[in-house]
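**Q** These are the residues of each chain, in order.
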Amino acid sequence: MSEKTKSFEEAMMRLNEIVVALDRNEHDLESSITLFEEGLALVKQCDAQLKTFEKKVSELMVKYSDDANV
Amino acid sequence: MSNVVWTVSTLVNRLKQTIEQNVAFKSFYLKGEISNFTSHSSGHWYFSLKDEGARVSCVMFSSYANAVDFKPKNGDKVLLRAALGVYAMQGQVQCSVFSMRNDGLGDLYLQFELLKKKLFEAGLFSDERKKPIPSYPKSIGIITGRETAALQDMLKTMTLRWPIVEVTIYPSLVQGDQAPRNIIEQLIKADRNQHNVLILARGGGSIEDLWAFNNEQLAYTIEALKTPLITGVGHETDTTIADLVADLRAATPTAAVQLAVPDIQEVEQSVHNQLKRLNQIIDSELNKQRVALRQVQTHPVFTQPHRLMMSHQLQLSNYEQQLSQQTKRAHRLRVGLSTQQSQLSQRILSFTNNQTVRLARSQDLLIKRIEQKTLNSQNAFGQTLKLLNAFSPLNSLARGYSIVSQEDKVIRLINDIDYDREMKIRLFDGTVRAKAMKEQSDE
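Residue numbers (my numbering), protein chains in the order written: chain X, 11 to 80; chain D, 10 to 452.
These are calculated hints, taken from the structure and not from any lab test. Since we're looking at a predicted model, the values are computed, not measured. Backbone N, C-alpha and C define an ideal beta-carbon position, used for all residues, glycine too. Wrong hints could be hidden among the right ones.
Stated by the list, open to error - Which stretches of chain X does chain D cover? Using the computed rule of at least three CB atoms under 8 Å from a CB of chain D, they are:
no. : region
1   : 25-38
2   : 43-50
3   : 56-63
4   : 67-74
Produce the complete structure using the sequences and hints provided.
**A** Structure below.
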């Protein structure tokens with residue numbers, strides 16, 4: 011896996027690659043397991059990132075709606 | 010001098026052609042005093058225009074007469090715009106009038122039209138020269154009369170619509186001979202102060218009141234401004250040169266403010282709507298990503314990861330099966346082999362046994378035969394011995410017979426005898442040498 015944390019978009023792209031590759035089942039078992047593990051890690055990362063985004067959006071909405079109403 | 014005789018019609022028609030073909034007569038300004046004014050029931054006006062030395066008859070058709078904003082009467086000094094024609098029936102030149110103004114204003118109107126034409130030709134009114142007006146100005150300069158109602162109206166409107174703007178007022182004379190110069194000075198001063206937009210305004214008044222705004226130098230000053238300018242001079246119907254050169258023209262001072270600044274309530278509403286829209290967009294984008302991620306998460310690759318190994322397992326069990334088949338085959342072969350082996354050893358054993366038996370039998374037989382044979386031989390030998398004894402020459406010799414031999418050859422016939430050679434005669438008790446002598450044969 012890469013040394014830097016991927017952006018959400020990069021992670022999703024990589025995730026899709028992995029799914030396609032695993033779906034075709036064209037790798038040897040060791041590589042497949044490595045991909046599988048990477049895929050699970052990316053799912054976790056994307057999920058966490060999405061949750062962060064969602065949280066941030068609702069926080070921002072609260073913050074700036076308040077400002078606008080004042 | 011020509012000798013040709015013209016008819017009256019020819020003369021008048023030639024006069025008509027000459028006049029009507031002359032471009033200068035097609036549209037011109039004419040000033041004078043009205044006399045013999047008649048308003049016909051059709052709405053057309055007929056009158057003469059005169060000055061100290063001449064008069065000319067005029068007609069103004071109803072479509073033009075209706076647009077005149079006063080009712081002319083005899084003795085009025087007016088300014089006309091007209092075309093010259095010939096009324097053949099009367100043999101008269103006649104002005105066909107398009108517009109009429111009171112001549113008190115006649116000069117001003119003419120000057121205005123001339124200046125407008127000149128500046129138009131110089132390109133001062135062209136749209137390409139107009140600067141865009143900023144949507145949300147922070148700083149505005151207003152050039153207008155000190156402590157006028159127009160200024161109060163403008164400030165009130167400004168406070169209602171866009172209270173967050175910073176307003177600087179540049180008081181100026183807005184009528185009289187000094188006004189144009191004063192306006193120009195204030196415009197130039199305001200232009201240096203980095204306002205987002207300038208407003209040049211004056212409340213309503215007569216055409217003479219507004220005359221300061223029809224100034225050529227002012228027009229060029231406005232054209233050279235770096236700051237966008239909005240004008241609001243007079244009422245809706247008034248248009249001044251300043252209005253024409255300005256980047257944006259409003260009908261009144263208040264209207265100028267409305268064009269200069271947005272309505273803060275509308276802007277707030279718009280900001281609110283934008284915020285809502287923004288939230289919707291980001292929400293839908295997040296949703297989209299959430300759905301995409303869920304799709305990946307619920308993909309069989311992740312929900313049934315054993316599928317990853319399925320093909321490998323399948324292959325493995327396949328190999329196992331093949332391998333076990335090979336083992337079974339080997340086992341079968343081994344069993345077959347050992348069966349054959351035992352069969353072989355049994356066969357060999359029985360064969361050996363048979364052979365041993367046969368051998369023993371043969372041996373017995375052989376022994377018996379040999380014994381038999383020996384017995385037979387012994388019997389035969391005894392008989393032979395007896396026979397031998399019977400035939401033995403010794404017996405014959407004993408009985409008196411003898412054996413004649415020559416050179417170890419037994420002589421049986423006379424012809425065998427060699428008379429020259431010695432003979433041996435074997436007798437019962439020994440041998441003697443003798444010699445034969447020839448004798449006459451009986452036979």
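**Q** Now tell me, hint by hint, if it's right for this structure.
**A** Verification of the hints:
1. 25-38: Holds, because 7 residues of the region 25-38 of chain X bring their Cβ atoms closer than 8 Å to Cβ atoms of chain D.
2. 43-50: Since three or more residues must qualify, the claim that chain D covers the region 43-50 of chain X holds, with 4 doing so at under 8 Å.
3. 56-63: The restraint on the region 56-63 of chain X holds, since 4 of its residues have a Cβ under 8 Å from chain D and three suffice.
4. 67-74: holds (count 3)
Of the hints listed earlier, there is not a single one the structure fails to meet.
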